[in-house]
Every structure is written in C-alpha cells, then in structure tokens.
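All chains should be built: construct the whole structure from the sequences, respecting the hints.
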Amino acid sequence: MAWLFAGLKLRLVAGNLRGGGLTRIAGFVVTVLAALVVGGGGLAVLSLLRLAPADVAAGAGVLVFTLVAVVWVVGPLMAFGVDDTLDPSRLALFPLTARQMAVGMFAASATGPWPFATLLLLTGAVIGVARGPGGVLIGVVAAVLQFALCVVASRAVTTALSRLLRTRRGRDLLAVGVLLLILAPQIPNLLLQRGAGDAPREMLARLAGTLRWTPPGMAAHAMADGGLVAFAELAVVALVVVVLGAVWIATLRRVMVTADASTQVGSVRRSRFDALLPGGVIGAVAAKELKYLRREPRGRLGWMTAVAVPVITMFSLANSGAPLPGLLAALIPAGAAALMIGLQGANAFGLDGRALWMNAVVHASERDLRTDLAGRHLAVSVAAAPLLLIISVAGALAGGDASSAVPALLGSAGLLGTALGVSAVISVVLPYTFPERINSFTSAAPGQGGVALAGAVAALLATSVLAVPVTLPAFLGATWVTLLAVPYGLLVAAGGRRLAAMIGYPRLPELMAAVSRPT
Amino acid sequence: MTDMGDGAARPEAVRTYGLVKRFGAQMAVAGVDLAVPKGSFAGLVGPNGAGKTTTLSMITGLLRPDAGVATVGGVDVWRDPVKVKSRVGVLPEGLRLFERLSGRELLIYNGRLRGLPRDEVARRAEELLTVMDLAGSADKLVVDYSTGMRKKIGLAAALLHNPEVLFLDEPFEGVDPVSANTLIEVLRRYTASGSTVVFSSHVMELVDRLCDWVSVMSGGHIVAQGPTPQVRGGLTLNEAFLRLVGAREDTGGEGLSWLGSSPV
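Taken in order, these protein sequences are the chains called A and B.
First residue of the first sequence? That's 47 in our numbering, and the numbers climb one at a time after it.
First residue of the second sequence? That's 966 in our numbering, and the numbers climb one at a time after it.
If you are wondering where the hints come from, they were derived from the structure by calculation, not from laboratory data.
Note that the structure is predicted; figures quoted are calculated from it, not measured.
Please note that a few of the clues may not be correct.
Unchecked claim - To be clear about the criterion: a stretch of chain A counts as covered by chain B if any three or more of its residues have a C-beta under 8 angstroms from a C-beta of chain B, and this derived list gives those stretches:
#1 49-61
#2 327-340
To be verified - A few chain B residues that face chain A, going by a derived Cβ cut-off under 7 angstroms, partial list only:
#3 K1050
#4 V1055
#5 F1063
No residue lacks a Cβ here, since even glycine has one placed at the ideal position from N, Cα and C.
So, in structure tokens, the structure goes:
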C-alpha cells in the first residue's frame, strides 16, 4: 500500500508536468531547487555544528527541530502550495481501511522534494549534533522519529481541519486559527528579543531550555545527549507519534463518511455602499471585489495576515530595547501592512477562478482589462486606507512621535500603489488556480505550487526594487520624500495596469485556463 | 459533411470556417464548419468528446482556435471582439459563477460590467429573477444554489444585456423538470422575437422537441446539419444520430461475460 501511494504521488507530479506549459515546468524546477537549497544548506550548516561546543550544538539542534516541525504543520495550511498531497476525500470510495489509507497517505506525504529536503536536513543534524558512536545510533533513530513526527503531525492537523473546513463557519474559524499559527512562530522571536541584552549563547541556552520539552525538542536533545535519558526521550517522542497517528486515523475515518458542506443557508444584505462607488465597469468590479473581501475566506486569510504582520512588527520593535526613531517606528509596520496587502493581488484573477469567463466574455479590448484591474485596485485601496491609517497612528504613538503618523501613512500608501502595480503584472504573467476549498493542503492547484511560489517571490523582489526611490530616502531620514510617495505609487500602479493589460489581454484565454484548473 | 440546409435563404447568425483546436496530440476539433441561420433554435448534438464544448468556447471568444474563422452575425470573433462580445450571451459548461455573490448581485455585476446603466440593470434583474422563479432566493449566495437554480441564474445573466445570439453549453444537464420547463419557456420566447439560440446537448428527445435546426458533431467534425426534419430523415432523431455517429449496432455477445448475475 505504501509503495502504491508513493508511486501515485510521483505519477501525479509527473502527470502535472507532462500536460503543462513552460511556466509549470519552470515552477517545478523552482520548487525542486528551493527544496535542494534548503535541504543541502541545512545539511551543510548543521554538519558544521560538529565543530561547535556540545551545548551550543544541542541548543541549535533543539531550535532547528522545533522550527522544522512547526513549518511542517503550518506550511501546508498557508504557504505556497509546496505539498501536493492527496486529498483523503477523493479516496473515500475505494475499499480501503482507514489504517491502509493512513499508511498510504503517510507514504505519499513522505514522497516529494520537501520531505527529501527535510531528510537531508535531519542527516545534517545527525552529523553535527550527535556525539560519539552511541550518539549517532540514537541520532539516527531520533531523526527518523522526528521525520515521522513532522509527517504525522502535519497530516493530522490538515485532515482534522479539512473536516472543519467543509462548513462555512469552520472556514471562518480557520481564518482566526491560522492567525494564531502565524503568531506562534513569533514567540521564540519575541523571547529572543526579551533577552536582547544577553550574550547570544546564553540566549540560545535559555530558548533551548524551554523548547527541549516539546516533542521535536526531545528528539534533538536525545540526539545530543546519547545517554539513558535519550532512550526515555525517544520513547516519549515515539509515543507522541503513535498517539498523533491514532488521532489522525480516527479523523480520517470520520472525514471519509462526513457529508460535504452544510445546507444551512443564510441570505446576504443588499449593500448600500455600492451606490457610493463610481459607475461603470470600475464600480462594478470594485463592488464585487469588496464583497469577495468580506465573504471569501480564502481572500480574508490574506487580509488577516496583513493585519497580523504589522502588529507583530510593532510589538517586536517596541520590545527591541533600542527604540527606533519615530518615523521608522510608524513606517515599518505600516509599510509591512501595505506590502502584505498589495502583494496579495499578485494573483488577482485567482479568486475569480472558473468564474473569470464572465469577465472574459465582456472584455473586448486592452482598455477593458485595464479598467477591470483599476476596479480591483480601487477595492483594495478602499479597504486598505483605514487599516493603514490605524497602523500608522498606532506605530507613531508607540514610537513616541505622533506627528510621524502622516509621513508613515503617505509612505505606506505609496508602497501599496507600487505593490499593486507590480502585482497586476505578476497576475497576468504567473497566474495560478486557488483550490476551491482550503481543505486541500495547498494554496495552488496540483502542479502549480511552483508557479505560486515564483509569483510571490517575483512580486516581492520587484516591489522592493521599485519602492527604493521612496523607502530608501525615508529610511535615511529624508521625511519629505514621503510627500512624493503617493504620486509615485499611483504612477507605478497605473503603469502596472497598463503593462498588465498589454500582456494580459491577448492572453485572456490562457489566463482563464490557468486560474480554472481542476483542484 | 452533408449540408442540407435552406440556410442560404435566411442570413446566418453563426458561421465557422475550418475551426481547429488541438490539445497536445489530441485533435479536439478538426475543421468545423458550423452554420446556424438567424432566428433558429439550434441544437448542437454529439457524443461525449465530439468537440461541442470546445467549438462553443472558440465561437464565444473563451478559447483561442488553432486555425479557422468563427463569425457571429458576419463579424470575426477573434478579429473584432468589441462588436461580437456585446452581441452574444454565454452560458458555458459546468456551473462556473461568482460563488460569493447573491443571485441578484451576480446579475447586477454582469449588467454593469457590460456597461448598462444602473437603474436599467436593476429593473431587468428583478424581472429576470421573477421569471426564473428565483425571487425568493435572490439574496442567497450562488454557492448555496442547487444545480437548477445555478443554470437559471446563469441563463438570466446571459440574457441580461439582450444579446442577439445565445450560446448555451448543456443548459439542461442536471436540471429538474420544473426548472427545465422554465428555461424552455424563456428560450422559446426569446427565439420567437427573432433572436438565435445555439445549445449543446446529448439528450436527443429534448433537441428533437425544441430545435428547428440541428448540427451533429462527431470526432471533431460536423457530420450533418440542417433543419431538424431533414437531418432526421424519417427516423427519430436518436436513430438518425446513432447512424450518423456510427455507433456499433451490436454490442452484446463478445466480452463482458462476467457481467450480471449468473450461476457461479
């Protein structure tokens, strides 16, 4: 069963590539390269820990193991569709016991570039962290257990959520849950900052002292310890894996027979706000986008991230010991929010998905597509403006200089425009399909994870470069430059729309195909 | 191809010349010359995989043809999309709609996207919702609609700008008899005024009953088209169709001996 599923996964990967164009193959290559860099880099860096003192190596091991486990659990939920694993609900009709399916799904999850990268990284840990021949032996067991832990925990969480996500309310709950998951990795960060005065080594020791009691921490500690304690710790980790596995099997069993979607249907209120928007196509698109912003959980997730990131940034800045000058204290969080909001648009047509034909049968010129994009930008701006205002004011107050709220707002608005302009172009160059439901484990359709990743990276890089004329002087203290930020942002946004329409209009049929792939 | 139409008498609403589409090695549409006279209620029939959906997608500007020309009202769809797109209404295959809008919002979005004035859109939307028997569900999200409701709201959206030609891909698939009846009523009224409907289907009885013009597709070609009685040629449309697409006369006998209950 295990081989069958692993083979199925490989065949799915191959099948996705075979039918695909150049971008999809490029996307896959990007994914494989990224996995190799992470895995190979991890292997190299962790191996080098062998040269470090034993306690430092142990501490680093604990930290890395915890981080890897967190990434495994959180990654598939929100990241760039790095995992094309099978959806259990698709296998529900086959005469498989939940146990067979669990074994198969485990095998499928353990197949692919990212699991391979994890194994490389863990190999590095065995080389670098384990001491002595006995340590290496225990280390290998610990690494295998850690790997199993990662896979099982990741599957258990996604499967449990997949059931929750069948209902609309569940999807809304997840949006909040994911916010917590986004915040969770920041905890060590905040802890580190709390002790910013200490020497790094003590800091590491303190952090590792806490994290070593988590299951991945125990695995790492066992690896470093190599003694009797190690056996006890490995036993605990193994127990956790077994328990998580049991929970997972139980959830799987239930998921396979639970009905889809609740039939409880509510009505929506008719919007009075629409009347305030401009008429014509711009207003129509903006009104629709604003409704989607409220009603579409997949889109809402991005916005919640956009709120969470600046809040964390602000908190980090306030705790960092060395307070920043007032402008930066306000500009950094507001700019982060603007960036997060603007870059969400990097797959603007993704949320329309299979419904995009409705726009495509109307758009008959480049200008129509440009207007469509302008409507989307208008909607984003309307929603973002109050958010940026609040964050700018809060950041300025936290930084102790209320007057810096104005340049922070201007600067972040300019950054938003820049990001929107870039995103418009990326949307037509690297479009991909969002899964219909977020219960599948990726943010892109099978085979498009790499495209999504490439799009996100390209959007971030291009925005960073294009934003330099505004951000750099501001960071160097030339506050007045933020006066130019808004016109600059508007210019980039308009240019982006023009370029996007030029590229996108002739490709409209291909664009539609790319965002409406089966998921 | 057997063109047995009095098509020359009436001007053509839709005409394609050698339309071709390949998907990789597979030839989905291999040179289709579709002709539909103005004002007809035309059926495009064919077995699964005959190329009906691909053909309709290429005529409506949703899929780029590899070769050939598609015209609506004499205007090239891919050369002059501005003229064509405002004159056609489309209900594509599947139920691909903006799921997170209510039925009413979907109609209003559609109308405004097409540049109709606000008040006019609101008026037409209300009327369509009433005629389609959707008034009670107008404020529910499309994601919660049943198949029949989705087809009806899709048709309403396609009709909103009063197109000259309406393309419907499998409009009756998965629709209950009550909703189907509503759809048929509306479409009959629409064609009676001189507008054209082209719809694809593989339910022969329905096409036989509704259509005055039939085009039969098989293996990416048009194998027959013309007024329904002529294509039927004295048989039922189903018999004529099976003969045209070359279905095997006898499928019993060889193979499948294990199928069905038999003494073990």
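Hint-by-hint comparison with the structure:
{"no.": "1", "hint": "49-61", "result": "violated (count 0)"}
{"no.": "2", "hint": "327-340", "result": "holds (count 8)"}
{"no.": "3", "hint": "K1050", "result": "holds (4 angstroms)"}
{"no.": "4", "hint": "V1055", "result": "holds (5 angstroms)"}
{"no.": "5", "hint": "F1063", "result": "holds (5 angstroms)"}
When held up to the earlier numbered hints, the structure conflicts with hint 1 and nothing else.
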